[in-house]
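Please work from the sequences and hints to get the whole structure.
The residues making up each chain are set out below.
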Amino acid sequence: MKKALTILLLTALMTGLLAACGSSKNEANNSTDSGNQKVVAWAWDPSFNGKALKIAEEIFKKENPGFELEVIDMAKADLEQKLNTNLAAGVTDGLPDIILVNDPNIQKYVNSYPGTFTDFTDSVDFTQFSQYKVDALTIDEKVYGIPFDIGVTGMFYRTDLLAEAGYTAEDLENITWDQYIEIGKVVKEKTGKFMSTINPNDEAWTSILLQSGGSWYITPENKGNFVNNPVMTETLRLYKAIADSGIAKPVTGWSEFVGSFNAGDVATVVSGVWQIASIMDAADQKGLWAVAPTPRLDIEGGVNASNEGGSSWFVLEKSANKDLAKEFLGATIGGSSEFYERFLTEAGGVGSYIPSFSSEAYQQTSEFFGNQAIYADFTEWSTQVPGITLGMYTQEAKDALKNELPNILNGADLTKSLASIQKLFEQQVQ
Amino acid sequence: MRGKFNKSSLIGWQFVLLPSALILLFSFYPMIQSFILSFESGKGNVSHFVGLGNYTRLFSDPMFLQALFNTLLYLVIQVPIMLILGLVIAHLLNSPKLKLKGFYRTAIFLPCVTALVSYSILFKSMFAVDGIFNQMLLNLHIINEPVAWLLDPVWARVVIILAITWRWTGYNMIFYLSAMQNVDPSVYEAASIDGASKFRQFVSITIPMLKPIILFTAIISTNGTLQLFDEVVNITNGGPGNSTMTISQYIYNLSFVYTPNFGYAATVSYAIVVIVAVLAVLQLKVGGEKK
Numbered sequence: 001m002k003k004a005l006t007i008l009l010l011t012a013l014m015t016g017l018l019a020a021c022g023s024s025k026n027e028a029n030n031s032t033d034s035g036n037q038k039v040v041a042w043a044w045d046p047s048f049n050g051k052a053l054k055i056a057e058e059i060f061k062k063e064n065p066g067f068e069l070e071v072i073d074m075a076k077a078d079l080e081q082k083l084n085t086n087l088a089a090g091v092t093d094g095l096p097d098i099i100l101v102n103d104p105n106i107q108k109y110v111n112s113y114p115g116t117f118t119d120f121t122d123s124v125d126f127t128q129f130s131q132y133k134v135d136a137l138t139i140d141e142k143v144y145g146i147p148f149d150i151g152v153t154g155m156f157y158r159t160d161l162l163a164e165a166g167y168t169a170e171d172l173e174n175i176t177w178d179q180y181i182e183i184g185k186v187v188k189e190k191t192g193k194f195m196s197t198i199n200p201n202d203e204a205w206t207s208i209l210l211q212s213g214g215s216w217y218i219t220p221e222n223k224g225n226f227v228n229n230p231v232m233t234e235t236l237r238l239y240k241a242i243a244d245s246g247i248a249k250p251v252t253g254w255s256e257f258v259g260s261f262n263a264g265d266v267a268t269v270v271s272g273v274w275q276i277a278s279i280m281d282a283a284d285q286k287g288l289w290a291v292a293p294t295p296r297l298d299i300e301g302g303v304n305a306s307n308e309g310g311s312s313w314f315v316l317e318k319s320a321n322k323d324l325a326k327e328f329l330g331a332t333i334g335g336s337s338e339f340y341e342r343f344l345t346e347a348g349g350v351g352s353y354i355p356s357f358s359s360e361a362y363q364q365t366s367e368f369f370g371n372q373a374i375y376a377d378f379t380e381w382s383t384q385v386p387g388i389t390l391g392m393y394t395q396e397a398k399d400a401l402k403n404e405l406p407n408i409l410n411g412a413d414l415t416k417s418l419a420s421i422q423k424l425f426e427q428q429v430q
Numbered sequence: 001m002r003g004k005f006n007k008s009s010l011i012g013w014q015f016v017l018l019p020s021a022l023i024l025l026f027s028f029y030p031m032i033q034s035f036i037l038s039f040e041s042g043k044g045n046v047s048h049f050v051g052l053g054n055y056t057r058l059f060s061d062p063m064f065l066q067a068l069f070n071t072l073l074y075l076v077i078q079v080p081i082m083l084i085l086g087l088v089i090a091h092l093l094n095s096p097k098l099k100l101k102g103f104y105r106t107a108i109f110l111p112c113v114t115a116l117v118s119y120s121i122l123f124k125s126m127f128a129v130d131g132i133f134n135q136m137l138l139n140l141h142i143i144n145e146p147v148a149w150l151l152d153p154v155w156a157r158v159v160i161i162l163a164i165t166w167r168w169t170g171y172n173m174i175f176y177l178s179a180m181q182n183v184d185p186s187v188y189e190a191a192s193i194d195g196a197s198k199f200r201q202f203v204s205i206t207i208p209m210l211k212p213i214i215l216f217t218a219i220i221s222t223n224g225t226l227q228l229f230d231e232v233v234n235i236t237n238g239g240p241g242n243s244t245m246t247i248s249q250y251i252y253n254l255s256f257v258y259t260p261n262f263g264y265a266a267t268v269s270y271a272i273v274v275i276v277a278v279l280a281v282l283q284l285k286v287g288g289e290k291k
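Residue numbers (my numbering), protein chains in the order written: chain A, 1 to 430; chain B, 1 to 291.
It is worth saying that the hints were derived from the structure and are not from the lab. Using N, Cα and C, we set each Cβ at its ideal position, and we do this for glycine too. Fair warning: there could be bad hints in the mix.
A few chain B residues facing chain A, derived, Cβ under 8 Å [to be verified]:
no.: 1; residue: 46
no.: 2; residue: 58
no.: 3; residue: 115
no.: 4; residue: 129
no.: 5; residue: 153
no.: 6; residue: 191
no.: 7; residue: 260
Below, the structure is given as structure tokens:
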């Protein structure tokens, strides 16, 4: 009797446990079914991406009062890890309706998890967006998301330091990287300040240089693009030249990088438009900054415009509220000038929606940047950024390059180094 | 008699039934599943059976071999340093003449209760180009210009080794300390009467008496080092180049940073399993009790 009771209790406990695992799933389904006007989104950086969604929600609510949006904020790495594990396990219940995707991950996700993300090809007018953003979202002639913020680059510079070294704004317009190095040497000599920072662990610089020459680490066919690629060769030559010239202060991480210009250690920062917020953090440098176009590669096809970073919005194909999520994104981030104007004014975010560029918000001047109409400049440069295919192995290629970078900086033969990077990359993606 | 034995054994089984079921479900099942997964390759959900393909790839994968080399380097250099340091500190703290024992013990144990990520970030900022460490060396006129510790392959590894030693020495020390307190003081007394020096006593009495504990700490430290992740990711993120990347970080990269190849990541995980097993057997052979 006792024995039977114990066994019964144990079984009850076990089934209870298992049932608990199962039922949570059902609840999640119910809540999304009943609240059919509610959409859940995952995003990182609540003050930027989260803020953008909130603005979009307000705009969408005017026409659809019953609409509700829940933004779940998590760190970028956590979000990517969660998405990957859920999709690999084939579990879509725990996933949101809308998800933010970093541009280099777009092809990777679409190819690794076929049928998981919604096709937006016919629901949004993509001719209204900068071409290179749409290119990044296009796979096999289908567009898999809504272009969001861009990372068009510029050369932020300290007007006071460059004036001290004897340079005016005209001297910095549309220069080449070799000219940049020469200016840097003078700045270092006359002011004692560095021209820029350098971090061999960070591939931002090589990315900016490559894209300004219309090239990338990998070819559109997802093959390594290191050997016989003049843009790559020139990029690495310049990288070494900058490192050797002594104009760059070595930093080891993001906070040191930001710290270096906030503390006034460097005269220029070549970075994406989103860097404006960090530069403006140093309130004591108000009025001392300006922005010039990105230096260019002195080769055929090199332009004074590039891109760093940027992300897009995806909708999950199996989401219960797929149509609502699509409609919401399409009507706001995918086609509302009002959204982009407010996004710029309230969160400092620059999008790639061309109709908004002529708006008042994009023409505003900034006191911090010596009354320059910086956003108008950035958006103009954004139209010149060469379109590239990011492919699906960007990170592998960057790591293969990073592996060889110390040797390159130590003066190894560039042709040989590029061949070994290519080989390493091919081994990584087999 | 037989019936009684059965009954008590049944009650015993009832106690272990639930935990066993849970261990089977959450520990053994994933192990088997990941072993099966290690024979598949592909990207994300699109994977296929490749037989031993992943295992052959492993031996020709320069990135894996680099990570393996780094991890073994930490192991060979860091574990002996840490264990010897732990033993010496434990011995000093065990001295009956020492005052403020509790304070020292707490102070040395404290690092290993700090959060992995926060202490890693602390080390990162200490060894930054503008960091306190460079400032100190500059002020002492040992160096003329700041050293970029984390941008040099050799120094970056030194910083990682310093960091893990700082964090885990106190942890091992506690094991030694408690073991030392179990050694009968009369043994030392007898040795003193026989004229053995303090050093001689440490080498000939303390260390042999502590042998099982030393073996235990050696195995758990080996295990821990082979799974090293947080420190490297937070201090150097594997750089410069990939010169500080560990196997665990490589597994993470394969699963979440690169185009996900969970099959190959599982294969690399099983490489760690094999290495841990081999090293544990070796350590038991070298340091274990002779039967």
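Status of the hint placing residue 191 of chain B at chain A (closest C-beta pair under 8 Å): violated, 51 Å
Hint status (Cβ of residue 260 of chain B to nearest Cβ of chain A, threshold 8 Å): holds, 5 Å
Given hint residue 153 of chain B near chain A, where the shortest CB pair must fall under 8 Å: holds, 6 Å
Hint status (Cβ of residue 115 of chain B to nearest Cβ of chain A, threshold 8 Å): Where the cut-off is 8 Å and the nearest Cβ of chain A is about 16 Å from residue 115 of chain B, the hint is violated.
Hint validity - residue 46 of chain B Cβ closer than 8 Å to any chain A Cβ: Status holds, d = 7 Å.
Interface restraint verdict for residue 129 of chain B against chain A (beta-carbon cut-off 8 Å): holds, 6 Å
Closest C-beta approach of residue 58 of chain B to chain A relative to 8 Å, hint status: Since chain A brings no Cβ nearer than about 11 Å to residue 58 of chain B, farther than 8 Å, the hint is violated.
Comparing the model with each earlier hint shows violations of hints 2, 3, 6; every other hint is respected.
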